[in-house]
Amino acid sequence: MHERMVEARSLEERLIRMQRGGDGYFWIGGPGEEAFNVALGLLAKKGQGLDHDYLHLHYRSSATLLAMGADPVDALRQMKSVATDPYSGGRNFCGHYSKREWNVAPITSPIEVQYATAIGTAIAQKRAGGEGITIVQGGDAGTAEGDFASCLVWASRPGFELPMLIIVTNNGWGISTPGHEQHGEQRIADRGKAFGIRTATIDGNDAESAYRGLEDAMRYVRRERKPFLLEAYVSRLYGHSSSSGSNYVESEIDCVTEIEKKLVARGLRTSDECDSLRNEYEQFLLEAAKTVSLEPKPEPASVWEHVFADRDIVGEGARKVPHDNRLWKAPSCTFPTTKASKNGNAS
Amino acid sequence: MATMVQAVRLALHVGETKLGVTDIFGEDVGPPLGGVFTATQGLRTAWNSPLDERGIVGAAMGLAMAGQKPVAEIQFCDYAFNTIDLLKLAGNTLWSSNGDWNVPLVLMTPVGAGIHGSLYHSHSLDAQATRIPGWKIVMPSNPRDAYGLMLSAIQDPNPVMVLIPKALMRVKAAGPDEMIPGEPDDARALGKMIDAPIGQREGWEPEWPETALEFVPIGAAKTVRRGEHVTVVTYGRMVGVAKRAADVLSREDIDVELIDLRSLHPYDWPAIAESVSRTGRAVFVNEDTEITNFGEHLIRRCVEELWDSLRAPPILEAGKHLPGVGLAEPLEAATIPGLGSVTDAIRRCVRQPDRRMGTSRPRRDFAFTWTGEAPVGPFDAYERAFRHR
Ligand SMILES: Cc1ncc(C[n+]2csc(CCOP(=O)(O)OP(=O)(O)O)c2C)c(N)n1
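Sequence order for the protein chains is D and L. Going by our numbering, the first sequence opens with residue 1, and the numbers climb by one from there. Going by our numbering, the second sequence opens with residue 1, and the numbers climb by one from there.
Since the hints were derived computationally from the structure, they do not count as laboratory data. A couple of the hints might just be wrong.
Lysine to aspartate or glutamate pairs mimicking EDC-like chemistry, simulated, CA-CA at most 20 angstroms apart [unchecked claim]:
id, chain 1, residue 1, chain 2, residue 2
1, L, 172, L, 195
2, D, 261, D, 3
3, L, 88, D, 71
4, L, 18, L, 252
5, D, 226, D, 216
6, D, 46, D, 215
7, D, 290, D, 131
8, L, 222, D, 316
9, L, 88, D, 3
10, L, 222, D, 312
11, D, 46, D, 131
12, L, 88, D, 216
Using the sequences plus the hints, can you model the full thing?
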């Protein structure tokens, strides 16, 4: 866990430097959330399809992706908006990941929409049974959006409760508006109570509490096939984004420092080991950023790629261009008989 | 002989038995009602959602991501406006993820006026819908197209919006051409098979006729009527209105060519261009408000690409730019195009003097060659007839 947290922190700091140095237009990310997000990535049942977990994350989730095994260099590619950015082909901000192979839904800029989309994957998993669950995560200020209410309503319908882990990472801020000016409830998690949803609040800055809290919540959702609302208190270490300066905030608890203090105190690592681990990642990412900056920018014509998933679009109003069709498999032309499909689909 | 709403239901039944539809859902979509227009009555996978349009669109997206094939309904398009941001998201998911995730979902919703629906049951969605890239948008004008377009929407790997004209829901096929292959031709017989009895629906099971898998390709318009004097491009409820206008005008020796667009995006530009470059005159008709109207886009493209063959400025006959459609009949009629206004608009277009006749250039200079056809000249029979009016 410690190593992934260090990797994630080094990545975010490299991304901030890249943005400041003109190697990116905008930075937003999750320094301060590493303890919680790494635990989430390690605990998620990674893979594609209903048996695995669906993750509907937000723009502070790079540590989760790294813990799942993502290549940090790809994050640099997205920051530099080069053609090799696997997540968006140079189209989207940093931290806006998408990985179908691991059920990671595309991360979006509009706050809280993921809470609406998550309903759908959870319905599919409810029906499928099995172990797969839907995990949705967003910030505290965003819980004011209707999509959050949608999520609570849909997740808790009697008799059709959804296997959803609904996470709110509460850093106390919505850009510059403090939490207490945003909402009156004591704990955001309490909102789940009105819906009969099991809830918990945890210290997301502490790696052990974060891991245990998540593990308990996930076990419940996986087994009971019911929702759980988990509120994790986390720090926002570099402000909201590059638009608020992205400077280190001394007054906030730093989860990486905290875990290192614990490891040293328990004799599991020396502080030198911690420092050199940090140096290794910093060095590696510095070199990687240099390489990435030499990678090509996307071709202008690539704006026309992936507008539609099918190749043969009738009607020239679409201004069709040929594009890579690798991901969409057309339904087979032979249709099952009415009888066979009657057995096949349960409503 | 099915009505449009029965046609939609038949298509959804085919969808869930043969095309892999897993969920048909929305407000009051499941039993006992089967949708406020009964478009989803008797369907095996139909279920009631909470009264939450954003949740409906979001759930459809998530279901599509989870490999299901959802058909979601927004009860009236008038209530889709609070979902625009999710619709935008559905439209950009494939693009923003560099081709990683597509969301093959169908969103169906009743649109337009004509049912005395007052402010919130008379909206049109065409302009908004076509403003959201990444979606395919279709709007049928008759039961057979509703059936075929719905099947295509279900099979499509993209998000597809099926806009169903409210006022046509209960309208039967106008003739055998508009009938679904395989449906019983007796309307009452079909009703007995697939309409739930009013009041006592418990234990009722529909008896589905075996209808053919007849797809109407998305993006293909249909020329409903051939004519040489003017091209009218329209869709949905206005197709019937334009047909009647063409009948009226044929008595004045005006020969209207009528194109039913059927798909708003992608739209059949070759069909429009071929026709407009031949007739030289174009009228675009729809119910949506006239400022920033989808028809305006088509006019822009005609002016930019077909200028040389245009004899007169194209005309848009659309809804007035008002905050709503009033309930009282005279108010509704003053807001939305009707037989009178559509007929007038076509007449106006045809009576414009041919702008190309003022030129002293020889006719081959402004000859337009679309798909290699013979140049169109100004002195055809029609022109001669109208010069003296
Ligand atoms: C729907 C929407 N409204 C406004 C914004 C602008 N915006 C970006 S981040 C943000 C604050 C979000 O705060 P919170 O939900 O607490 O998450 P945090 O960034 O603190 O993790 C706002 C208002 C947005 N992205 N989306």
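Quick rundown of the hints versus the structure:
For a cut-off of 20 angstroms, the pair hint linking residue 172 (chain L) to residue 195 (chain L) stands: about 14 angstroms separates their Cα positions. Restraint check for residue 261 (chain D) and residue 3 (chain D): satisfied, since their Cα atoms lie roughly 14 angstroms apart, inside the 20 angstroms limit. About 29 angstroms separates the Cα atoms of residue 88 (chain L) and residue 71 (chain D), which puts this hinted pair outside 20 angstroms; it is violated. Proximity of residue 18 (chain L) to residue 252 (chain L) is assessed by CA-CA distance (about 49 angstroms); at most 20 angstroms being required, the pair is judged violated.
A distance of roughly 13 angstroms separates the Cα atoms of residue 226 (chain D) and residue 216 (chain D); the hinted pair therefore holds under the 20 angstroms criterion. A C-alpha spacing of about 15 angstroms is found between residue 46 (chain D) and residue 215 (chain D), which places the hinted pair at or below 20 angstroms, so the restraint holds. A C-alpha spacing of about 42 angstroms is found between residue 290 (chain D) and residue 131 (chain D), which places the hinted pair above 20 angstroms, so the restraint is violated. Distance restraint check for residue 222 (chain L) and residue 316 (chain D): the Cα-Cα separation of roughly 15 angstroms lies within the 20 angstroms cut-off, and the hinted pair is therefore satisfied.
Simply put, residue 88 (chain L) and residue 3 (chain D) have alpha-carbon atoms about 38 angstroms apart, too far for the 20 angstroms limit, and the pair is violated. Of the supplied pair hints, the one linking residue 222 (chain L) and residue 312 (chain D) holds, its CA atoms being roughly 19 angstroms apart against a limit of 20 angstroms. For the hint linking residue 46 (chain D) to residue 131 (chain D), the alpha-carbon distance of about 11 angstroms falls within 20 angstroms, and the restraint holds. Taking the CA atoms of residue 88 (chain L) and residue 216 (chain D), the gap is near 36 angstroms; set against the 20 angstroms cutoff, the hint is violated.
Checked against the numbered hints given earlier, the structure breaks hints 3, 4, 7, 9, 12 and satisfies all the rest.
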